[in-house]
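Trainee: Sequence:
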Amino acid sequence: MVPRHGLRGRAGRLPAPVLSTTTHVFALRRFTSSRIQWKKEISLRKSIKPFAPRSSHATTPKSITNDLETADAIFRSRKTSLLACGIVALGMGVYVSTMLTSCWLSSGRQGPEPATDACAPGQIAVFTEESARRFDEYLDGSEWMMGITSLRQKLAAEASGHVLEVAMGTGRNLPFYNWSHVVQQPKSAPTNDQKKGITTPAPILSFTGVDISKEMLTVALDKVSEAVPDLKGVAPSIETQQLTQDGHSVFSYLSGRLRFFRSDVHIFVPAPIQGTAETAKYDTVVQTFGLCSVRDPEKVVRTLASMVKPNTGKIILIEHGRGSWGIVNGLLDRSAPAHFQKYGCWWNRDIAEIVHNAAQSTPGLEVVKIERPYLTQLGTTLWIELRVKNTC
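Just so we're aligned, residue 43 is where the sequence shown starts under the numbering used here, counting upward by one.
You may find that some hints are simply not true.
Estimated spans, in silico, between C-beta atoms of each pair [what the hints assert, rightly or not]:
no., residue 1, residue 2, range
1, V225, W367, 41 to 47 Å
2, D272, A244, 36 to 42 Å
3, S184, S403, 32 to 38 Å
4, Q402, D264, 28 to 34 Å
5, T433, I412, 32 to 38 Å
6, E172, G372, 33 to 39 Å
7, E172, G368, 37 to 43 Å
8, A199, R344, 39 to 45 Å
Calculated directly from the structure, the hints in this document are not laboratory data.
C-beta: ideal position from N, C-alpha, C; glycine also.
Please build the complete structure, drawing on both the sequences and the hints.
Mentor: Shown next, in the form of structure tokens:
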């Protein structure tokens with residue numbers, strides 16, 4: 043027989059099959075509940091729009107694009123001023139660096155102190171023909187970059203009639219003159235334009251160049267064959283080579299319509315080919331970077347005034363000297379002795395003051411214009427126009 047408590051076993055627990063079934067029931071309930079909860083979470087997640095990382099970044103490119111478009115619009119609207127500022131900054135950097143280099147070079151040299159009267163005695167630096175050529179080649183790049191070449195072109199375009207160029211140096215203006223009428227034989231008959239009453243710029247009828255340096259003038263003469271039509275590619279033929287009564291060399295081409303004098307402007311300036319020295323005057327008198335090198339710049343200005351036709355003639359000068367900024371003038375003063383020893387040029391002279399003083403002491407001489415054309419040169423380059431009124 044089986045005892046009454048045999049169904050519960052010795053421990054008083056339900057038999058194993060009954061316990062296992064109950065456990066499975068509770069486990070199934072928990073599994074079902076968890077599955078239902080899991081399905082609800084899945085359903086909830088599907089109902090919510092997934093997080094898109096691109097959405098946050100989508101506004102950034104748009105913002106950047108707007109900023110770029112705004113910057114581009116600003117640049118387009120202010121392009122000219124921005125580019126001008128860049129060019130000015132570049133030019134100022136080059137100019138100041140040149141000044142600093144000259145100051146550094148002058149610190150190791152012994153030379154005269156800058157004159158307090160801004161008119162220290164000038165003298166011509168000792169050039170050989172080879173060093174004059176190297177000097178001329180050196181100026182090609184620097185003058186183009188600093189805008190001097192364009193000023194030379196402008197000056198040559200203003201020249202007309204019988205032209206005198208003083209302190210012509212190595213002839214850096216020669217390529218820019220219009221030589222067509224100088225080469226042609228003079229004609230007495232009027233041209234078709236004159237018959238029709240058409241006003242055209244007056245041509246250059248003759249040209250006289252003067253410089254004190256034989257070496258500089260030799261370089262200038264070598265340029266004639268390339269600068270003057272009909273002489274290009276051939277050796278220039280010197281028609282006459284003589285000495286004036288003052289002992290100055292004369293090189294003449296094209297029956298005297300093109301002449302070059304080796305002469306000191308303080309002593310002798312030739313008259314134009316027509317008329318006599320007492321009555322003949324030039325229509326245009328030009329000079330580039332000459333007042334910095336002569337002994338008496340005010341006297342030279344007065345001499346130029348005596349060589350130009352009153353009322354109708356004009357004097358045009360391109361010069362360099364003291365600028366508009368005190369710091370620049372200080373650099374010029376410091377480097378002036380070394381620059382003078384090397385090039386024979388006092389680049390710290392007050393050119394504007396020299397010209398005004400000459401005008402005050404010369405009857406009829408008037409200052410028409412004094413401009414400082416390039417901001418990048420900090421006011422050290424001057425364009426000067428003068429004229430003489432008949433005082434009779």
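Trainee: Decide, hint by hint, whether the structure agrees.
Mentor: Hint check:
{"no.": "1", "hint": "V225 x W367: 41 to 47 Å", "verdict": "holds, 45 Å"}
{"no.": "2", "hint": "D272 x A244: 36 to 42 Å", "verdict": "violated, 21 Å"}
{"no.": "3", "hint": "S184 x S403: 32 to 38 Å", "verdict": "holds, 35 Å"}
{"no.": "4", "hint": "Q402 x D264: 28 to 34 Å", "verdict": "violated, 41 Å"}
{"no.": "5", "hint": "T433 x I412: 32 to 38 Å", "verdict": "violated, 22 Å"}
{"no.": "6", "hint": "E172 x G372: 33 to 39 Å", "verdict": "holds, 35 Å"}
{"no.": "7", "hint": "E172 x G368: 37 to 43 Å", "verdict": "holds, 39 Å"}
{"no.": "8", "hint": "A199 x R344: 39 to 45 Å", "verdict": "violated, 26 Å"}
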